[in-house]
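These protein sequence lines are chains A and B, in that order. Going by the working numbering, the first residue of the first sequence is number 1, and it counts up by one from there. Going by the working numbering, the first residue of the second sequence is number 1, and it counts up by one from there.
No lab work stands behind these hints: they were computed from the structure. Glycine included, C-beta positions come from ideal geometry on N, C-alpha and C. Warning: the hint list may mix true and false statements.
Pulled from the structure, derived: some chain A residues nowhere near chain B, Cβ distances all over 10 Å [stated by the list, open to error]:
{"hint": "1", "residue": "MET51"}
{"hint": "2", "residue": "THR73"}
{"hint": "3", "residue": "GLU75"}
{"hint": "4", "residue": "PRO85"}
{"hint": "5", "residue": "ARG92"}
{"hint": "6", "residue": "ALA166"}
{"hint": "7", "residue": "PRO167"}
Here are a few chain A residues that face chain B, going by a calculated C-beta distance under 7 Å [stated by the list, open to error]:
{"hint": "8", "residue": "TYR87"}
{"hint": "9", "residue": "ALA89"}
{"hint": "10", "residue": "ALA125"}
{"hint": "11", "residue": "LEU127"}
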Amino acid sequence: MSALLDVQDVHTFIGQFHILEGVSLRVEEGQITALLGRNGAGKTTTLRTIMGMTPPARGAIFFDGRPIHGLPTYEVAQLGIGYVPDYRAIFRHLTVEENLHLAERRKGDLKRKADFIYHLFPDLARLRHLKGGQLSGGQQQMLAIARVLVPDNRLLLIDEPTEGLAPVLVEQLVEAIRQLREQTTVLLVEQNFAVARHLADTFVIVDDGRTVCQGTMEELANDPATVHRYLGVAVGGEA
Amino acid sequence: MRRYRAVLIALAIAVVGIGLVGRSMKPGTLVATLLSGLTLGALYFLIAAGLSLIFGLMDVLNFAHGTLFMLGAYVAWTWVQNPHGLLLWAGLVLAVAGGSATAAWWLNWSPDRRPGRWTRRWLVAVGVALIGVTAWQWLRWPQALTLLLAAGGGLAVGLGAFRPPVVRPPHRRLVWRGVAVVGLLLVTVLLDAQGPTLASAVAGWGSNAKFVSAIVVGTLAGAVAGALMEWSLIRPLYERPIYQVLLTLGIVFAGNEVARAIWGVGAKRMEKPGWFGQPCRSESLAAWVYEQCASVTVLGRSFPTYRLFVIVLGVLLFVALIVLLRRSRLGMIIRAGVQDREMVEALGINVRQVFTLVFALGAGLAALGGVAAAPFVGVYPEMGLEYMLQAFIVVVIGGMGSVPGAALGALLVGLARAFGDYIVLSGVSLPWMEKAVRMSPSIARASTVLIMAIVLMVRPAGLFGEEE
């Protein structure tokens with residue numbers, strides 16, 4: 001079976017710094033894959049490399065069997081990959097609705113998806129006419145995820161969705177992402193191991209810019225030594 | 001809230017400035033000076049709006065923006081004086097554009113049939129050579145031949161230089177684009193066949209029709225030149241800002257020399273359109289509608305009606321730009337892109353294409369400004385640089401990337417110039433002075449810099465600018 005996303009031994013430089021020194025990972029269609037690792041391990045850079053924002057110097061990336069390394073970012077996105085960066089990147093001067101409209105790839109995308117999106121995030125329906133800059137952090141996070149749901153994306157790259165959010169909001173987001181599993185495939189960067197364990201089917205751990213292991217979430221949960229070594233948390237613990 | 005404060009600061013500066021200078025003015029003189037300021041402001045706005053958008057969206061400090069202003073004026077002047085020559089050369093531009101548009105369309109229609117790497121290089125080389133030879137032998141070789149060669153050159157360069165999209169655009173859109181390309185080719189052929197007829201028709205038009213068409217032609221020429229400039233010169237340098245500054249500054253000097261070479265050194269006069277051209281003075285605007293006098297009485301003083309037209313034009317374009325930014329998808333992309341280009345691209349939007357479009361838009365506005373300015377400031381090579389410097393001050397005052405900011409800044413700078421000129425002519429007397437002090441002409445120029453300094457002290461990012 002070929003994976004939806006296949007990253008093969010990717011090396012990325014930012015300026016003169018060798019950030020990724022051999023990241024490989026596979027994301028199977030219809031699953032949520034957690035990309036784990038310590039701060040500075042290269043998780044965000046991995047997502048940005050897939051999106052073509054920091055193109056790889058070496059290695060290959062295949063999406064649905066076709067090479068996407070070297071493509072400009074907008075074309076990677078047009079192939080059906082949605083990106084939710086860790087800084088959320090909501091357009092402050094655009095209203096919530098305009099933020100969603102901007103994400104349309106074809107006329108009428110938002111119209112078709114509005115019900116689904118506002119069902120998933122009822123808050124956004126209420127705040128539709130507010131400017132992006134007036135939203136709270138949690139609302140911005142919801143909007144950032146809603147934005148990649150507007151077009152028919154086949155893969156979502158979501159970077160640290162729960163970072164800095166209140167527990168109530170975390171619960172709400174986790175629930176929303178769980179519902180997404182039926183719609184699309186997700187590659188999720190998550191610091192909160194409890195959340196990752198709850199959501200993901202499979203995992204990849206990167207450390208120092210290299211993939212160190214990959215497998216099912218169940219295997220990882222039963223391997224406290226690995227978790228402790230690379231993530232520095234106890235398996236049972238709430239983060 | 002921020003916006004109100006910005007407007008308040010601008011108002012405060014204007015009121016204090018006008019209050020100091022205008023204290024001793026008669027009401028008629030005061031209003032006439034105000035109107036002069038608004039006229040200048042309208043012109044500055046047309047240049048500054050594009051400049052500000054281009055900088056806000058793509059971080060390009062386009063020094064050559066004034067050159068496009070000058071280009072608009074010269075093209076308009078040529079259109080009025082010698083439509084025949086201009087149309088002949090327009091044929092060349094249209095043929096090349098038609099050829100490359102065909103190439104772009106073909107690559108979108110069947111993205112898989114892109115020529116190989118070496119073929120592409122050959123295509124570009126051959127295409128550029130073809131266009132060069134055609135431009136050189138234009139008007140010497142038979143028309144049909146040069147037309148075909150130019151279109152072929154455009155086609156070859158397009159096939160070699162354009163990249164097919166990864167995802168084929170929707171079929172309907174491709175069909176419509178195909179229709180547009182065929183239309184462009186048809187216009188090219190028609191223009192070539194009927195050019196002389198059209199030219200003599202234009203030569204026979206009245207001054208009003210000439211002027212209106214000159215506005216259209218000048219604006220289009222500016223937009224095309226801007227798009228070409230972005231695509232060929234600026235695009236390769238987005239990662240190297242210093243080179244960009246050097247390059248665009250170079251374009252200014254090269255542009256001045258080219259203008260001198262083509263049109264000569266001295267200033268050209270451009271006729272005012274008949275609507276504002278009768279040698280008389282209307283008592284009111286209502287009377288002007290019938291008489292179409294060159295000036296109108298404002299509070300007992302005469303004021304040129306053409307300048308009122310420039311003010312109206314500036315206001316109309318301001319409103320149009322705001323509507324474009326607020327209501328259209330392009331406007332949405334621009335507003336978002338000013339904040340975070342990378343994220344706009346991550347949503348699947350081809351930002352580079354938007355850059356070219358915005359560059360063309362800004363260039364067209366500047367060229368339009370040039371056309372509007374021509375009848376009352378004349379047409380001369382250095383006009384670009386002159387207005388450019390003021391426009392830069394306007395953009396700094398207003399805040400980079402903001403159209404309302406550019407408007408407010410243009411207003412302040414225009415008023416400062418007008419009242420500065422007044423001071424030079426009649427001297428200034430401040431409350432504690434016994435008699436008026438005469439000042440040198442540089443005070444008018446210095447006043448705008450002074451305003452810039454005041455605004456920057458209160459708001460380092462400009463009136464509507466945002467701190468990063």
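Against the structure, the hints:
1. Residue placement check: A/MET51 does not keep its beta carbon more than 10 Å from all beta carbons of chain B (closest about 6 Å).
2. Remark: the non-interface label on A/THR73 conflicts with the geometry, its nearest Cβ contact in chain B lying 4 Å away (cut-off 10 Å).
3. For A/GLU75, the non-interface assignment is contradicted: its Cβ lies about 4 Å from the closest Cβ of chain B, within the 10 Å cut-off.
4. With a closest Cβ-Cβ approach of about 7 Å to chain B, A/PRO85 is found to fall inside the 10 Å limit, against its non-interface label.
5. A beta-carbon of chain B comes within 10 Å of the beta-carbon of A/ARG92; the shortest separation is about 6 Å.
6. Chain B leaves A/ALA166 outside its interface by the beta-carbon criterion, the shortest separation being 25 Å against a cut-off of 10 Å.
7. For A/PRO167, the requirement that its beta carbon stay farther than 10 Å from each beta carbon of chain B is met, with the minimum near 28 Å.
8. The interface hint given for A/TYR87 is violated, since its Cβ lies 9 Å from the closest Cβ of chain B, which is over the 7 Å cut-off.
9. Among the interface hints, the one on A/ALA89 holds; its C-beta lies about 4 Å from the nearest C-beta in chain B, closer than the 7 Å criterion.
10. Given the 7 Å rule on beta carbons, the hint for A/ALA125 is violated: about 20 Å separates it from the nearest Cβ of chain B.
11. With a least beta-carbon distance of about 18 Å to chain B, the hint placing A/LEU127 at the interface is violated under the 7 Å criterion.
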